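All chains, full assembly: derive it from the sequences and hints.
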Amino acid sequence: MSMKFDGVLFFPVTPFDDHSRVVPELITEQIRSRLEHGPGGIFAACGTGEFHALSVAEVGQVVAATVAAAGGKVPVISGAGGPLGHAIDCARAAQDAGADGLLLLPPYLVNAPVAGLINYVETVAAATELPIIVYHRANAKFTAAAMARLAANPKVIGFKDGVGDLAEAQRIVLAVHAAGRTDFQFFNGLLTAELSQAAYRAVGIPLYSSAVFAMAPKIATAFYTALAEGDEPRRLELLTGFYEPLVALRDRVPGYAVSLIKAGVVDGGLAAGGVRPPLVDPTAEDLARLREILARGHELVG
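Take the sequence shown: its position 10, counting from 1, is numbered 10 in this note's numbering, and each next residue is one higher.
Simulated from the structure, these hints should not be mistaken for lab results. Among the clues, some could well be false.
Said to hold, decoys possible - Ranges of calculated distance between the beta carbons of each label pair, as one might list FRET restraints:
#1 86 to 269: 18 to 24 angstroms
#2 231 to 298: 45 to 51 angstroms
#3 240 to 115: 41 to 47 angstroms
Claimed, not checked - List time: in silico EDC-like cross-link candidates among lysine to aspartate or glutamate, alpha-carbon distance up to 20 angstroms:
#4 4 to 100
#5 73 to 122
#6 73 to 29
#7 218 to 229
#8 73 to 25
From a predicted model like this one, the values you see are computed outputs, not experimental measurements. Glycine included, each C-beta is placed from N, C-alpha and C at the ideal position.
So, in structure tokens, the structure goes:
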């Protein structure tokens with residue numbers, strides 16, 4: 001069940017036509033155009049891909065197109081989550097579509113004790129042959145003891161932190177290691193994760209989500225290289241010149257972490273359409289600012 005990721009993790013957008021239908025041909029174009037930049041994995045129908053707004057059938061459609069376009073060159077992970085039945089159906093649809101694994105998002109709305117969250121993960125795991133990465137965020141906050149318990153299940157292969165409590169993340173890393181798992185994968189899943197990744201690397205979480213890779217693969221790859229090679233002047237230059245302004249724009253409107261990325265993909269030439277409700281597309285003013293930020297980023301990477 002082990003899986004190894006190496007490189008920038010690509011979270012593609014989901015293209016829609018004017019009638020809000022998924023467009024598989026544009027998924028193919030998006031994936032193939034980004035493969036030349038060397039992503040270490042593709043996370044289809046996840047947060048940046050508007051998992052919250054996709055039906056089970058659409059999850060299968062998105063994943064199938066992604067798997068075909070990737071051609072086995074990198075692992076393809078599918079989103080699953082929400083109501084338990086929906087999570088199981090998404091997991092099975094992803095398996096049928098050829099996904100290599102699942103990113104399991106929180107259950108729908110309800111706040112549950114940790115024992116219930118463990119049962120949620122184990123129930124989805126039992127319903128599919130695919131390995132699972134647990135997403136720690138919102139109403140699915142796992143403890144170190146809970147992750148040690150889940151690490152005993154060979155189908156659970158990873159932990160993605162979307163909470164931002166570094167001390168707790170450190171305890172979870174230590175607990176999983178103490179449980180004897182040497183093949184476990186740890187991910188930083190905070191919004192625009194590049195801004196916090198240096199801190200996450202320090203606590204043993206070397207992987208991170210890069211939504212930016214979808215709209216600006218050269219910038220995302222340049223940052224990843226600077227971080228991996230310990231080129232601090234380069235990393236700080238990209239943080240101050242590109243990522244900090246992007247985060248400031250992102251924080252203007254809830255949901256812009258997805259909407260801005262999709263707008264950037266469209267502005268780059270892929271007719272991926274707008275976002276589905278309840279998200280909103282960027283205003284003309286914010287789109288103009290995004291273009292300025294992207295232009296500066298591309299200037300920095302030459």
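For each hint, the structure was consulted:
1. Restraint check, residue 86 to residue 269: a C-beta distance of roughly 34 angstroms breaks the suggested window 18 to 24 angstroms.
2. The supplied range of 45 to 51 angstroms is broken by residue 231 and residue 298, whose beta-carbon atoms lie about 18 angstroms from each other.
3. In this structure the hint that residue 240 and residue 115 lie 41 to 47 angstroms apart at CB holds, the actual value being about 44 angstroms.
4. With a CA separation close to 11 angstroms, the supplied pair residue 4 and residue 100 stays within the 20 angstroms bound.
5. Proximity of residue 73 to residue 122 is assessed by CA-CA distance (about 29 angstroms); at most 20 angstroms being required, the pair is judged violated.
6. With a C-alpha separation of about 15 angstroms, the suggested pair residue 73 and residue 29 falls inside the 20 angstroms cut-off, and the hint holds.
7. Between residue 218 and residue 229, the direct Cα distance comes to roughly 16 angstroms. Compliance with the 20 angstroms bound is thereby established for this hinted pair.
8. Between residue 73 and residue 25 the alpha-carbon distance is near 19 angstroms, which keeps this suggested pair within the 20 angstroms criterion.
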